[in-house]
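Peer 1: The residues making up each chain are set out below.
Protein chains: 2
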Amino acid sequence: MAVAGGPEIERLVQLLAKLPGLGPRSARRAALFLLKRRALVMQPLAAALTEAAEKVQPCRICGNLDTVDPCALCRDPRRDGTIVCVVADVADLWAMERSGAFRGRYHVLGGLLSALDGVRPEDLAIAGLLARVPADGVAEVILALNATVDGQTTAHYVAERLAAAAAGVRVTRLAHGVPVGGELDYLDDGTLAAAMKARR
Amino acid sequence: MAVAGGPEIERLVQLLAKLPGLGPRSARRAALFLLKRRALVMQPLAAALTEAAEKVQPCRICGNLDTVDPCALCRDPRRDGTIVCVVADVADLWAMERSGAFRGRYHVLGGLLSALDGVRPEDLAIAGLLARVPADGVAEVILALNATVDGQTTAHYVAERLAAAAAGVRVTRLAHGVPVGGELDYLDDGTLAAAMKARR
Chain L
45 MAVAGGPEIE RLVQLLAKLP GLGPRSARRA ALFLLKRRAL VMQPLAAALT
95 EAAEKVQPCR ICGNLDTVDP CALCRDPRRD GTIVCVVADV ADLWAMERSG
145 AFRGRYHVLG GLLSALDGVR PEDLAIAGLL ARVPADGVAE VILALNATVD
195 GQTTAHYVAE RLAAAAAGVR VTRLAHGVPV GGELDYLDDG TLAAAMKARR
Chain B
45 MAVAGGPEIE RLVQLLAKLP GLGPRSARRA ALFLLKRRAL VMQPLAAALT
95 EAAEKVQPCR ICGNLDTVDP CALCRDPRRD GTIVCVVADV ADLWAMERSG
145 AFRGRYHVLG GLLSALDGVR PEDLAIAGLL ARVPADGVAE VILALNATVD
195 GQTTAHYVAE RLAAAAAGVR VTRLAHGVPV GGELDYLDDG TLAAAMKARR
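So the sequence lines, in the order shown, correspond to chains L and B. To convert, take the position in the first sequence, counting from 1, and add 44; that gives our numbering. To convert, take the position in the second sequence, counting from 1, and add 44; that gives our numbering.
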């Protein structure tokens with residue numbers, strides 16, 4: 045028996061332990077925390093989970109998660125529809141929005157190509173992107189993908205497919221360089237070399 | 045805006061970020077994790093939260109959290125009612141149950157005396173313990189409280205009150221010593237000295 049207090053608490057702990065960042069010990073702590081704050085946190089959290097599970101869905105255009113479809117970003121007339129930022133995941137879209145550096149539209153691939161994990165081009169939302177770019181008159185596609193092997197493989201693949209499907213569209217990538225606030229001493233050699241090469 | 049995707053996701057992230065062990069970043073990760081596993085995790089978690097919030101309550105005898113009152117531990121006829129283990133919190137009761145080393149009853153104080161945090165004796169479930177020990181014919185009270193200043197202050201206070209309220213009851217404390225699997229080299233001097241003194 046992992047906890048004393050009946051199957052209801054046991055089940056709650058087991059489900060909380062599935063969340064990324066929570067293990068069995070922190071799930072027990074979280075369950076007790078919630079049981080002591082029923083009205084303030086536990087019931088609102090249950091309601092928020094139910095509501096989000098019912099209402100949130102992927103946007104049919106870009107793949108972002110929202111309660112409206114198309115999503116608020118795709119509907120926003122103030123955003124520039126001629127620039128599309130391609131991201132692997134909704135988490136990356138959120139990160140980009142927090143930075144406030146981009147006011148165009150998005151396209152969420154839903155992952156990265158990976159020989160190791162068996163992710164093939166048809167598993168990603170690439171066809172939608174290839175159809176969307178010429179149809180919407182997109183002038184620039186920014187490939188904002190991880191600076192990892194899988195990320196760069198995916199970027200290369202998407203760029204090639206875009207060149208074939210939408211001739212004339214400009215395909216760009218995020219710059220490599222020193223993170224703001226980063227110390228040179230702690231930076232890997234590859235990043236430092238890239239930052240030096242792209243100096244201005 | 046912390047996340048793109050509407051107030052429902054925003055609210056879910058804010059509530060998840062209140063859980064101990066989750067910050068804003070891991071709360072966003074957890075929200076996305078849940079939104080991608082609606083049927084398998086998100087809806088069951090919402091149901092488990094609602095059910096536990098409705099059914100779980102503190103036991104009127106010992107303070108344990110359970111769906112029945114008195115709790116399953118207080119009802120269990122196989123447990124020895126003449127030994128009561130006093131713990132600060134339900135989390136400590138769970139830890140004790142996981143160890144499997146105790147088959148008596150519990151008493152949850154609901155915290156520890158603390159001059160710094162302004163926790164006074166009347167804030168803890170001490171009166172219930174003092175009434176219960178003579179009434180139930182309890183022969184031994186084990187003070188299983190943290191080996192910290194607050195824990196030991198509380199243990200001292202409870203032991204004194206017990207001596208006055210229930211003369212003849214045996215009051216014991218957990219032994220200090222080397223944790224099983226622990227390396228001497230990493231142990232603090234106080235623990236090592238206590239383990240040496242209590243050698244057998």
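Derived by calculation from the structure, the hints in this document are not laboratory data. Misleading hints may appear alongside valid ones.
It does not matter which identical chain is meant; a pair holds if it fits inside one copy or across any two.
Unchecked claim - In silico DSS-like pairs for lysine-lysine, Cα to Cα no more than 25 Å straight-line: (1) Lys-62 to Lys-99; (2) Lys-241 to Lys-99; (3) Lys-62 to Lys-80.
Given the structure is predicted, the values throughout are model-derived calculations rather than measurements.
Peer 1: Each of the hints needs a verdict: does it hold here or not?
Peer 2: Hint by hint, here is what the structure shows:
In this assembly of identical chains, the alpha carbons of Lys-62 and Lys-99 lie at most 25 Å apart whether taken from the same copy (22 Å) or from different copies (22 Å). With identical chains, the CA atoms of Lys-241 and Lys-99 are never at most 25 Å apart, being 47 Å at best within one copy and 63 Å at best between copies. Taking identical chains as interchangeable, the C-alpha atoms of Lys-62 and Lys-80 lie at most 25 Å apart whether they share a chain (21 Å) or sit on different chains (13 Å).
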